[in-house]
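Here the protein sequences line up with chains C and D, keeping their order.
Taking this note's numbering, the leading residue of the first sequence gets 1, the next gets one more, and so forth.
Taking this note's numbering, the leading residue of the second sequence gets 1001, the next gets one more, and so forth.
Careful, some of the hints might be misleading.
In the DSBU-like style, the derived pairs of lysine-lysine whose C-alpha atoms are separated by at most 35 Å in a straight line are [to be verified]:
{"#": "1", "chain 1": "D", "residue 1": "K1071", "chain 2": "C", "residue 2": "K218"}
{"#": "2", "chain 1": "D", "residue 1": "K1450", "chain 2": "C", "residue 2": "K38"}
{"#": "3", "chain 1": "C", "residue 1": "K38", "chain 2": "D", "residue 2": "K1060"}
{"#": "4", "chain 1": "C", "residue 1": "K38", "chain 2": "D", "residue 2": "K1071"}
{"#": "5", "chain 1": "D", "residue 1": "K1450", "chain 2": "C", "residue 2": "K218"}
{"#": "6", "chain 1": "C", "residue 1": "K218", "chain 2": "D", "residue 2": "K1654"}
{"#": "7", "chain 1": "D", "residue 1": "K1450", "chain 2": "D", "residue 2": "K1439"}
Treat the hints as calculated values from the structure; they're not laboratory data.
No experiment lies behind these values; they were computed from the predicted model shown.
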Amino acid sequence: MYEVIITRPRSLAEAIEALGDDNATALAGGQTLIPTMKQRLAAPEVLVSLSGIDELSGVTIGDGEITIGAATTHAEVAREVAGACPALAALAGGIGDPAVRNRGTIGGSLANNDPAADYPAAVLACDATIITNDREIRSDEFFDGLFSTALLEGEIITAVRFPMPERAAYAKFDQPASRFALTGVFVAAGGGVVRVAVTGAGEDGVFRWDAAEQALMKDFSPSAIEGLSPDPSGMIGDLHGTPEYRAHLVGVMTKRAVEAALG
Amino acid sequence: MPADGGIGASTKRREDVRFLTGQGNYTDDINIHNQAHVFFLRSDMAHGKINGIDTAAAEKMPGVIRIFTSKDFEGVGGIPCGWQVTDRFGEPMQEPKHPVLAEGFVRHVGEPIAAVVAETLQQARDAAEAIELDIEELPPVVDMAAALEEGAPKVHEDLSSNLCFDWGFVEENREAVDEAIRNAPHVTTLELRNQRLVANPMEPRVAIGVYDRADDEHTLYTTSQNPHVIRLLMGAFVLGIPEHKLRVVSPDVGGGFGTKIFHYQEEAFCTFAAKAVNRPVKWRSSRSEAFMSDAQGRDHVTKIELALDEEGKFLAIRTNTLANMGAYLSTFAPSVPTWLHGTLMAGNYTTPLIYVNVKAVFTNTVPVDAYRGAGRPEATFQLERVIDKAARELGIDPIELRRRNFITEFPYETPVALTYDTGDYHATMDKLEELADLKGFEARAAESKKRGKLRGLGVNCYIEACGIAPSNLVGQLGARAGLYESATVRVNATGSITVMTGSHSHGQGHETAFPQVIADMIGIDPEQVEIVHGDTAKGPMGMGTYGSRSLAVGGSAMVRAAEKVINKARKIAAHLMEASEADIELKDGRFTVKGTDKSVAWGDVTLAAYVPHNYPLEELEPGLEETAFYDPSNFTYPAGAYACEVEVDPETGKVDVCSFHAVDDFGNIVNPMIVSGQVHGGLGQGIGQALLENCVYDDDGQLLSASYMDYAMPRADDLPFYSVDHSCQTPCTHNPLGVKGCGEAGAIGSPPTIVNAVVDALQRAGHDVTHIDMPLTPARVWAAMQG
Ligand SMILES: Cc1cc2nc3c(=O)[nH]c(=O)nc-3n(C[C@H](O)[C@H](O)[C@H](O)COP(=O)(O)OP(=O)(O)OC[C@H]3O[C@@H](n4cnc5c(N)ncnc54)[C@H](O)[C@@H]3O)c2cc1C
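Whenever a hint applies, use it, and build me the whole structure from the sequences.
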């Protein structure tokens, strides 16, 4: 790691101001950023810590929606939404290990948009809204390829608003080494709409699987998915699985998510 | 369990108190006043020609003390190889120079090119980034078969090819084996890869060089399994420092698994640089560095053929292996695919004719050397896999096929140069069948099926050769070191005992088990016995710990030294009691005169040895301290039978290990709890190899599995609760304790068990799958099911 200055703003306004500096970077749980800095692959001069800002943290369960502050840890989400949205709680509770869950945050995970991260699948499937210091961004507009989002320079996520799905579940197949998602599928149904979001598999990061959505809107049952899988072209191929394998897993995990959503 | 804490007691490990409370003294815990830090600039290229290294800007960076390149090592030796293999034409292997810092070329990713010594590690690292390298990229060779092709790029310009050696064993059998295979009623052939692994001890390597200008003395603190060996190799071959001016200390070491046997460049560098800059110089490997600088393990590509008659009797085995050496020869690399592999090809069976061919190959990858089991897992895996395949081809139950071929008479001379002194393979298999409830398998398989899972059963045997010896024999085979062990038993005046052993503990629990032996011999409390190891200044020249040799060889040396002590103490006791020495008995810490009630306590005798007022000074020297060097007459041969059940998810290919039963014959057991722990650890590593671990380079020689993000280590929930048993005991016939060694068994025996079980599960489900290469990742198992 290179030398770096850490600032600890107490309010959102202070944080935004501090992030106005071109050489400043937001620090949330540090579970991605710190390892990257240790490898000297990132070298911010100033870190602006978001973890001491009350208005960025916590879960509010409202009428038909859940709002999660950007600096809320995975562990808190797992705990707080267990009743309101068990699928989201299970997803958060399945990220990394206890140390990662007690430091890592939803805002950090979404801003980072790792192609194998779990949260992007929930956000996209639930059609959640990303709230920033400046605007609101619909999930379909937010994710923008590998490690890339619609966030602008200096813009930070303040919260994420999830409409509460009628039925939802997340099925994750672990990459054996990292235990990020080799393929993870979040299925959410509500108001006659079914959305299926896939993480870990696509070369461009999280994506919606239209064919499965169509099939499930006709018949929300595992059998609707039987024999269905996306085209392997466009899927990731690496040490841990070929594009064909991932395409196949997308089908299997979708079916399992539907099974789980049906209870 | 003996109440006295002697042999056979599951005494809790005394060293764990300090390990579990953060009071261990690991090399990285040592900080020497005024120490400087070194950072190695390592190659990010697999193969290249160094045209220039410009350190001018870097030298001006804050905190920099000195920057070293290969120029500073002119006249310094290369890192030596400790084993010379002779090829099947009688020629010595090709042995390239292994420089401390890259000389003219870089030959693998991670090879150190320059070393920056600075006030802080941070400053050293910053300066390393300012070094300008002019390296011309050369085409790398990564694949072994490609490396042997005509016209392949050469890893070493000055060698004739990438072939290190072509070894045939037993060369005289070659034609007879060919003939037997040609004429056999049935031949089963299997091609497989024993994949490359990264050892991953929990503690990364660390080295601290210290130079004392006043006395011209060097000290190296290092994470080594054998400090005396490092002193010999580094002192004599690399730096030219005589032993009396060089001390090597390996304090608490957090796991080795083989990869801390070897002498590494960083050790030589720190020792050398400490004198050059007149400051202590410390290096600590980061985990990322460990992935590309610790010697790696396995990496064999093999074709094995097993010839059988109609009844399933094994007639002959022929096996051809390409063994990856990496870019340079690590300390014991050549011995692993040869003497530690070829000699094990008989396994537990009576196969009369065996021929093993091994071609060792240089590639632009990290050097490969011994890793837990070293050669024996590679032998066991191919043998037990091909037997399983043969059983299926012939329609004979795999256990029955093995039993038909078991060696039953001992001593048994194999056609591959070993003499098994003892064993009972039917007994371990009987025990396994009982423990694993093999009869209940079908019912469990039916239950799995109800849950949509494919259940499979894998069974196999293994044998290993531990405590590699005797020295004169291994010398003929090319070892450049002896393989004895030493111990000094120092009895203190009040009767407590300090044992200086040449064995080295890096997780094995010697500090607990060794005292149990001494306590048993004398009849004193084991708490009275302290073990000292890991410091060349403290104990006699010892060979360290690897190859499951500590108790069998080091323990035997300790027993011999203790016997000498006891013999002398008996003489003193006889004098004290005015009796004849022949009548003196030692029991429960007292010497008694046979048939009388006269006795004298151990402590009184030891006190007399050091306060020799009433003492036979004319016949006996005072003091009570003896040293013994023990050179075994043969290997020891632990053997066993393993069974596991797996469930395969047919939709994803994921394998779950439901149960694992290990029945091992380790001969006599000193501490059953420690033995079980050793087996557990070995099984974890073996199952890790079978299902998870894989060290992979791409075609450019870049390491793809360079961190835990891609290198899958086994975690607790990947593993079942083990059932281990060591009640079948055929004591070793040639060492005083009758012990055989247990450190590697689990890692040797378990990979074929898992693969056999997965293949079984798939075949039961109607898939025509005869083999899947390790690791059996979900993706590979799924692909195999797709045909
Ligand atoms: C061992 C390990 C295992 C893991 N396993 C998983 C897993 O299974 N699944 C999974 O999904 N993830 C996993 N992760 C990643 C983890 O979820 C991280 O928490 C997450 O990727 C980043 O969140 P963070 O709060 O730590 O962000 P940081 O590391 O602090 O920041 C990450 C990036 O986001 C930016 N950022 C942070 N907060 C904001 C904000 N509010 N607005 C704008 N930008 C912001 C930062 O500037 C930085 O660029 C794992 C991590 C580790 C170390």
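Comparing the hints with the structure gives:
| no. | hint | in the structure |
| --- | --- | --- |
| 1 | D/K1071 <-> C/K218 | violated, 74 Å |
| 2 | D/K1450 <-> C/K38 | violated, 49 Å |
| 3 | C/K38 <-> D/K1060 | holds, 24 Å |
| 4 | C/K38 <-> D/K1071 | holds, 31 Å |
| 5 | D/K1450 <-> C/K218 | holds, 30 Å |
| 6 | C/K218 <-> D/K1654 | holds, 31 Å |
| 7 | D/K1450 <-> D/K1439 | holds, 19 Å |
In this structure, the earlier hints numbered 1 and 2 are contradicted, and the remaining ones agree with it.
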